[in-house]
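Please build the complete structure, drawing on both the sequences and the hints.
Going line by line, the protein sequences match chains A and B. So the first sequence is residues 22 to 134, counted in our numbering. So the second sequence is residues 231 to 343, counted in our numbering.
Everything labelled a hint here was simulated from the structure, so no lab data went into it. Idealized CB from N, CA, C, for every residue including glycine. Careful, some of the hints might be misleading.
As the list claims (entries may be wrong) - Dumping the calculated DSBU-like pairs for lysine-lysine here, alpha-carbon to alpha-carbon at most 35 Å:
| # | chain 1 | residue 1 | chain 2 | residue 2 |
| --- | --- | --- | --- | --- |
| 1 | A | K63 | B | K272 |
| 2 | A | K78 | A | K99 |
| 3 | A | K78 | A | K104 |
| 4 | B | K272 | B | K231 |
| 5 | B | K231 | A | K104 |
| 6 | A | K63 | A | K104 |
| 7 | A | K78 | A | K63 |
| 8 | A | K99 | B | K272 |
| 9 | A | K99 | B | K231 |
| 10 | B | K272 | A | K78 |
| 11 | A | K63 | A | K99 |
| 12 | B | K272 | A | K104 |
| 13 | A | K78 | B | K231 |
| 14 | B | K231 | A | K63 |
Stated by the list, open to error - Far from chain B by the CB rule (all over 10 Å, computed), these chain A residues:
| # | residue |
| --- | --- |
| 15 | Q35 |
| 16 | Q38 |
| 17 | V40 |
| 18 | R43 |
| 19 | S87 |
| 20 | N95 |
| 21 | S108 |
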Amino acid sequence: EPEVTQTPSHQVTQMGQEVILRCVPISNHLYFYWYRQILGQKVEFLVSFYNNEISEKSEIFDDQFSVERPDGSNFTLKIRSTKLEDSAMYFCASSDYRATEAFFGQGTRLTVV
Amino acid sequence: KQEVTQIPAALSVPEGENLVLNCSFTDSAIYNLQWFRQDPGKGLTSLLLIQSSQREQTSGRLNASLDKSSGRSTLYIAASQPGDSATYLCAVRPETSGSRLTFGEGTQLTVNP
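If you want it as structure tokens, here you go:
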């Protein structure tokens, strides 16, 4: 069964460092998303991406964040200068069309120290 | 702003019991609603997607209902098993052009053998 894969599963980084989280969406999907879940809190939307551009972003997704689809299979989230409060589980998701069923990856646990 | 609430926050039942998880949302202008399962430290597994025009959706022992006008959905689990132990999340997608999912905080289910 097709699935969304994320790497790494866990990343520890020092405050102020840049991190790139990687995702391989399901191959025939057109919409890609990043969500995050701070420990003990709700899953929160960050950004959606379609046709090589951001289609929607939340107020969390400020200038420190960027997304990219560098090739035909990968989708990345970059955090330019990490803060302690960026520590969270980051989930990538994809769907075949805008409002259809979203499939999530296993997540990358980011710990900023 | 859409708010999603799930009741109860936690539920513990003996194996074999039928149970109902509740989800409510403040803005009834939704396109669809998706139920997920989350195991500890893991990703989100999609269980059911129910469109705003539907009243019910079934998958195996799971049945989701939707009452859009009253802002409520329920997830019915029949003949619960210990393997059903997980956190169950509901998420709604807006009618408007956005594709983001807004999540509830989840119901943590424990099924005791």
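Now the hints, each set against the structure:
A hinted pair counts as satisfied when its Cα atoms are at most 35 Å apart, and K63/A with K272/B qualifies at roughly 14 Å. Between K78/A and K99/A the CA atoms are separated by roughly 14 Å; this keeps the pair inside 35 Å, and the hint holds. Distance hint between K78/A and K104/A is fulfilled; the C-alpha atoms sit about 20 Å from each other, no more than 35 Å. Of the pairs offered as hints, the one joining K272/B and K231/B holds, with about 28 Å between alpha carbons and a cut-off of 35 Å not exceeded.
Using a Cα cut-off of 35 Å, the hinted pair K231/B and K104/A holds, with the two alpha carbons roughly 27 Å apart. The straight-line distance between the Cα atoms of K63/A and K104/A is roughly 19 Å, inside the 35 Å bound, and the hint therefore holds. Under the criterion of a C-alpha separation no larger than 35 Å, the hint pairing K78/A with K63/A is consistent with the structure, at around 17 Å. Restraint check for K99/A and K272/B: satisfied, since their Cα atoms lie roughly 21 Å apart, inside the 35 Å limit.
Distance restraint check for K99/A and K231/B: the Cα-Cα separation of roughly 27 Å lies within the 35 Å cut-off, and the hinted pair is therefore satisfied. Under the criterion of a C-alpha separation no larger than 35 Å, the hint pairing K272/B with K78/A is consistent with the structure, at around 24 Å. Only pairs whose Cα atoms come within 35 Å are accepted, and K63/A paired with K99/A is accepted, the gap being roughly 21 Å. About 23 Å separates the Cα atoms of K272/B and K104/A, which keeps this hinted pair within 35 Å; it holds.
Simply put, K78/A and K231/B have alpha-carbon atoms about 15 Å apart, close enough for the 35 Å limit, and the pair holds. At most 35 Å may separate the alpha-carbon atoms for a hinted pair to count; K231/B and K63/A meet this at roughly 15 Å. Every beta carbon of chain B lies more than 10 Å from that of Q35/A, the smallest distance being close to 23 Å; the non-interface claim holds. Every CB of chain B is more than 10 Å from the CB of Q38/A (nearest about 24 Å), matching its label as outside the interface.
Every CB of chain B lies more than 10 Å from the CB of V40/A, the least distance being 19 Å, so the non-interface label holds. For R43/A, the non-interface assignment is confirmed: its Cβ lies about 15 Å from the closest Cβ of chain B, beyond the 10 Å cut-off. No beta-carbon of chain B is positioned within 10 Å of the beta-carbon of S87/A; the least distance is around 18 Å. The beta carbon of N95/A is kept farther than 10 Å from every beta carbon of chain B, the shortest such distance being approximately 18 Å.
With a minimum CB-CB distance of about 14 Å to chain B, S108/A clears the 10 Å threshold, and the non-interface call stands.
The structure agrees with every numbered hint stated previously.
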